[in-house]
Structure formats: C-alpha cells, structure tokens
Amino acid sequence: METRTKLIIGGALALLLWLVLQVLASPPEVMLHGTQPRPLREGGAGRDLVVLVHGFGGHPAQLAGVHDVLAGLDAFADADLLAPEYEAGYLSNGNVFDVAAELELAIHEADEQHDYERIVLVGYSMGALLVRKAFVWAHGASDDRRASELGTQPWVGKVDRVVLLAGVNRGWSLDPRPNDMGVTAWVTSRALASAGRLFGFGRLVFGVERGEPFVANLRIQWMRAMNRLADPPIVVQLLGDTDDRVSAEDNRDVAVCAGFHFLPLLHTDHGSVLELGTPSSSRTSPEGRRRRALELALTAAPTELAAAARDGDVQDDDESMAERVQVHPDERIEHVIFVMHGIRDDGDWVNRLGDVIEEEAARRGEADRVEVVTSRYGRFPMALFLLGVSRGEKVRWFVDQYTEVSAKYPNARISFFGHSNGTYLATAAMDRYTELDFDTIVFAGSVVPSTSPWDERKDDGRFARFRNYAAASDLVVAVFPGVFEWLESMSLGFVNTDLGAGGFRGFQEDSGNEDEVRHVAGAHGAVVSKDGNGTYAHFPDIARYLLGDDVEVTATVDKDSLVDTLGNLALLVWLFLLVILAAPIWWLRRRAVAGRRVGGPVVAYLLVLVYLLLSV
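Per our numbering, the very first residue in the sequence shown carries number 4; after that it's consecutive.
Honestly, the hints are just simulated from the structure, not real lab data. Misleading hints may appear alongside valid ones.
Said to hold, decoys possible - Using C-beta positions, here's what the derived DEER-type ranges look like:
1) D358 <-> E252: 24 to 30 Å
2) Q329 <-> R227: 18 to 24 Å
3) T287 <-> E115: 44 to 50 Å
4) N182 <-> S532: 35 to 41 Å
5) K533 <-> R149: 44 to 50 Å
6) L591 <-> N571: 18 to 24 Å
7) R121 <-> R355: 54 to 60 Å
8) L269 <-> D146: 28 to 34 Å
9) D146 <-> A233: 41 to 47 Å
10) K533 <-> R372: 28 to 34 Å
11) N182 <-> P282: 57 to 63 Å
12) T191 <-> R600: 36 to 42 Å
13) G46 <-> D462: 55 to 61 Å
14) S283 <-> R379: 53 to 59 Å
Idealized CB from N, CA, C, for every residue including glycine.
Put together the whole structure using the sequences plus the hints.
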C-alpha cells in the first residue's frame, strides 16, 4: 500500500474517532438530577439536611455505603437526604463551575422549602470540591461564579459539619506520578488525558486539575472564609494510606480551618474508602475501621475526633500521614515577596536578589516580618515557552505556590518580582484567577504585551503598586514574544495575544507606566545580571521598592534603534529563521531526488533540531 494511501486512511480513521467521541461526550450544559430532598429514614421529621455528592466517574449509587451509615445513626433519624447526580463520565464535557452553581442552588431551594435546623455536607473525591465550592459561594465569595450570583445565603449559617471522603482538595495531577499510583495506571491515565485534550472530551475532569481556576480559587476562598468565621464548621477528611490520587500533603490548605480533623485510614485506597462493610463488621478489619471513622466524622465532638486520630481508634500507631497534614501558620509574617526567574534561566541571580531584600528588611528592623520565596520551576526553553499549553502548566504551578504561601502566612500581603516568563506567570495568574492579588509588582524583561490592561487590573484591586524595567537592547523580547503583539495589532483573530514586548517598548496604560523605568542600558538580562563592576546594580532599588519605598530611578537611556527596527520587522525575522531551519530539508530532498542516501543526514538533522528547540 502506498504511503499516501496509508496517510489518507489514517487521517480518515482519526477523523472518525474524533466524531464518535464528540457524539459520545456529554454536552457542555450539565444539569443536576435528583435535587429534591427525601427522608433518610421512613417517617423522619425532616429537621436536618445531609447533602451527599458523588465523585468523578461515579453516581449516587456509588455512595450506598455512606447512605447506609447515615441511616443507621440516631443523630440523623430526622434528616433528609439530598443526593444529586451529575454527568461525571470520562467523556463528560460539563463545566465544573456550572455543576457547583446548580448544587448551590439546589441546597438553597431545599432550605427555602423546608427551613432546616442543621445542614451537613458530604462529598467524595471531586464531590468534596463541589460541596466546598457551594459553601464558599454561599458565604458571598463568588467572584468566579459564572451563573447569576445568589449572594450570602441563610443556609450556609446552618452548616455545622463538612465531611470529605478522599477529597481531591488540591486537584488531581499526573506530573509527577502520584506515589501510590502504579506505572501502568499512570501511563494509561496520561494517555487518556492526552487523548482528551487532543480530541476535546473530558473537560469536566480537566476543570479540577491541580492549579486550574476552579480549584485554585476555591483553596484561597476557603481559607479566607474560614478565617472570617467566628464559629467555623467542623471539617473532617478521611483519606486512605495508599490513595493513588490524593496525598496527605494535599490537605494542608484545608487544615488551616480551626475545626479541621484528619483521619487516615489503613489499608485503604481512593476507591476502597467507600467500602464500609456492615454494622456487624469487625472493628479491627479495614472495612470496620472505615465505618467507625465515618461514624465519628459525622457525629463526634472535636475532642473525640482529635482522640481518634491520636490514639489509634481509627488507625494503628502511625501518625506520619497526620503529621504531614499539620499546618503551623506563621502569623508574624506580614509581607511575602516572590522572586521568579524566566525562561532559559537557571535562576542563579534569584538567591542574590532574595538576600538583598532580606538585608534591606533587616536594616529596617523588619527581618522577622518579611519572607522571601524563591521557588523555581526549572529551565524553560524558548520552544516550550512559545507553546501556550506549556506556559499554562507553569502558571498552574505558580498559583499552587501562591496558595501554599497564603496558607502558611495568613496575615501577609504578597508582592512579586518577575523576570521574563516570570512576568507572564503573574499577569496570567491575575487574569485567570479571581482570588489572586498582589501588593507590589516589579517586572524586568517582561514578555507581556505593551497593551496589557493594567488600568483594569488596578481598578479590580489586583495590585497596589507596579514598576516595569524596560531594557534598551532587549532583542529577545522585541522579536520573539513581540511578534505576537505585532500580529495582534493586525487584527488576526487566531493570534495568541497574551505575549508581547512590554519589556522593551514599555506599557501604554497609565497604571502600567506611571512608575516605569524606560530604558535601562543592556539586553534581556540587564536588570538581573552583574554589571562591569561585578555587582547587581539594580537590586538595592528593587528591594527598597518591593518593601514599600517610592524609589526614583532617573539614570535611563534611549532604546536601541537597531533592536527597535528588528522588533518592527519581527515577522520578517521569524520568517528568516524558518528559512534557515527549512534549508537543510530542501537540500536533503534534492539529494533524495538524485538517488543519494539521506537516512543518516535526516536523523542527524532531526536530532540537532530537537536539541535546538529544547535548549535555546
């Protein structure tokens, strides 16, 4: 069979597979079913409400064991059960925000109809995220609620307990492989995830991936809501010791709640946490321990819950999981400053800038109130940077870091210094995550468009102070991200517009340029590199500005005219580079036509090309 025929057949099969998956995938509109409460026990008085929400890939019947435990507890003899169902299959394209909004509305309407005295929220796996989201939205933290807002609701004050069964509180992630996930399951899951992104199915589960807005906003909303409440509900998380999707560490930001209790379960994974045996099950068997743990989670007083986690009533004498969950917020820290490196950058200067900031804080007598965070995401080559998917992964990583810091330092305002891709992380995070904001921001070598909407961000309270250092000879910014800004100005709708030349041309809007340094002498790394005297000349001013001083910088130069010209001709520069890359292909094709062997040169060229793309 000729190669061309094989390609046609392969393409046709791929198209057919895509069409089949689109037909099988659920529509984006996701409706909850079973939103009418019903008595847990026959003849119950309906004074209380239990909301029970299943997880991804499941349905209400998945929680039959939980229902059995609830029905057997006298504390819930007069309770109603609200156990809604949503399309949660692997092909589901539902929007997780819409699912949470309908859940919140269902609880609101049930309480309006029955005026319950007490409400208990129970969620398994992804369902744990949904009940928590409904809870924070009902408290008024609903900036990211895409449906019409309901405002603060009366029912939320009746919630006295939230029970999370293997709750994916931090979102799911396959990178790196979860400790308790087998290699086969990991490879299969990655293949399914890649297929979902390629063929456009499974958007529901992608919505609760670690670092996605639904999850990241929720983590911050939860911490802020709990810190505001004088009498927060009791929150209990039951988690297996071999859970292949959730680690103990994933509960740290939930544990900032004063009423949080963590009950690890021995010989239990993500699915078997729902295998609860029967009332006659031995209390020493895994099923009996899980049943006892859930009974405690649903009814026990805080002192009894603490004792159960401590003295082995639920687990053997192994407190390692519980210890990993422990959060000891440092309330002394009033100011956290992120220092974030860029692409093609090992970030060696990051530690030095961190030292300068700490030295300046000590000089002011603020050393014990300022914390510098210099987390690194590794070297990031240009080819991956230009791919939106790869940049998105780094943004999710940064938001995860931001959330961890928010949990550790609850009283701190957060500032940010970023170079190159670091500037993209901050702006993308502000634009995609409604709960993320900064006190002071400083950019250098920015890859953000000069048209970036700084006025809107400031009006929305996303930052208080901003300074941008634009380098006079920043050819990297002017040409590579700059081409996207140039194409966007031509009104080409397919162009990604979140990259640009703000690090060379400066920003246009007042809130972006009122404190701008345009231009400093040097190229892309001018601000974060040593000068001719071997010193980081800009670091002292940056440190003072980040710590709140109004630092004036007057020693500026004009932008380089040659770099400016190349920036204006960025598309031609890109085309020139593409011609250079394509020239060997043309040469190899001529050799093949002439009947000469090209196998070795082709392999060598491909290896060189891959090396360049992943190293430059």
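Cβ separation of K533 and R372, checked against the hinted range 28 to 34 Å:
30 Å, holds
CB of D146 to CB of A233, is that within 41 to 47 Å?
23 Å, violated
Within 18 to 24 Å: is that where the Cβ-Cβ distance between Q329 and R227 falls?
21 Å, holds
Within 57 to 63 Å or not, the Cβ separation of N182 and P282?
34 Å, violated
Can you let me know if the beta-carbon spacing of R121 and R355 is within 54 to 60 Å?
Roughly 56 Å apart at Cβ, these two residues keep to the hinted range, so it holds.
Can the suggested window of 53 to 59 Å be confirmed for the beta-carbon pair S283 and R379?
54 Å Cβ-Cβ, so the 53 to 59 Å window holds.
C-beta pair L269, D146: status relative to the range 28 to 34 Å that was hinted:
About 41 Å separates the Cβ atoms of L269 and D146, which means 28 to 34 Å is violated.
Between T287 and E115, does the C-beta distance stay in 44 to 50 Å?
45 Å, holds
Holds or violated: 55 to 61 Å for the Cβ distance of G46 and D462?
The hint (55 to 61 Å, Cβ to Cβ) holds, given that G46 and D462 are roughly 57 Å apart.
Quick one: are D358 and E252 within 24 to 30 Å, going by C-beta?
28 Å, holds
N182 paired with S532, Cβ distance criterion 35 to 41 Å
Given range 35 to 41 Å: holds, Cβ gap about 39 Å.
Satisfaction of the hinted span 36 to 42 Å by the C-beta atoms belonging to T191 and R600:
Check passed, 40 Å falls within 36 to 42 Å.
Hints 6, 8, 9 and 11 from the list above are not met by this structure, while the remaining hints are.
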